[in-house]
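J.: Sequence:
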Amino acid sequence: MNIGNRIRELRLARGMKIADLADAVGIDGANVSRVETGKQKSFTEQSLSKYAAALGVDVAEFFTSTTNDTTVYKPSKDNLVYREGGAVFRIEMLDVSASAGMGYIQSGDVIDVIRSIEYNNEQAASLFGGRAPDTVKVVNVRGDSMAGTIEPGDLIFVDVSISSFDGDGIYVFGFDDKIYVKRLQMVPDKILVISDNPKYKEWAVDQSNEERFYVFGKVMLSQSQAMKRHG
1 MNIGNRIREL RLARGMKIAD LADAVGIDGA NVSRVETGKQ KSFTEQSLSK YAAALGVDVA
61 EFFTSTTNDT TVYKPSKDNL VYREGGAVFR IEMLDVSASA GMGYIQSGDV IDVIRSIEYN
121 NEQAASLFGG RAPDTVKVVN VRGDSMAGTI EPGDLIFVDV SISSFDGDGI YVFGFDDKIY
181 VKRLQMVPDK ILVISDNPKY KEWAVDQSNE ERFYVFGKVM LSQSQAMKRH G
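Just so we're aligned, residue 1 is where the sequence shown starts under UniProt numbering, counting upward by one.
Just so you know, these hints were derived from the structure itself, not from any lab. Any given hint might turn out to be false.
Claimed, not checked - DSS-like cross-link-like pairs, simulated, lysine-lysine; straight-line CA separation at most 25 Å:
#1 39 to 178
#2 201 to 190
#3 39 to 17
#4 199 to 178
#5 178 to 201
#6 50 to 17
#7 39 to 50
#8 178 to 17
#9 39 to 190
#10 17 to 199
#11 41 to 17
#12 178 to 190
#13 199 to 41
Produce the entire structure from the sequences given, and follow the hints as far as they go.
T.: And the structure:
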């Protein structure tokens, strides 16, 4: 069990922001962010007791989980489904849009599944490698800041087992309660947030604002939903 994920899970269940928890524990918000994203992996008994008191739980609660470790979604049921002729690999499409633009405010921290897409095991292996079905989610993209790579209305397939920066690439991440899909690139002392559409300016995540930043997953694939007229 990842203690940082469990702390985040408990915080969200109580409707607390990172700043609220930081104030209750008596530390800086950046420290809470490092805990929740797994950058801080070791804890003293005293620090765990402070988090437990702030969240109104026993320390033992940090070693149990009632949901998947990536709590941005609520899975509907088992994702490996058995049909006549064998098992199929089912990917859930979440009821949320990631913004490739100025940001999209999500309605809540738990997102219900609205439908799913099924693949046979051979297709799944080709598309997703050895990933487990419940680590791959599909979301819709709004906005045009990634145009040229990901267009408005495209579907993106996201590896939600990745909850921190895991090398340069395209990510779905939260910043100030908004969800974005952008290219992230590590440079000394900060992460650049890059739009592939040159009309949008890049910005950065660094020590001054990292407590406002949280990775939901890394984009693996995209699928166009463009409609073409043929007569």
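J.: For each hint given before, does the structure comply? Return the numbers of the non-compliant ones in rising order.
T.: 10 and 13
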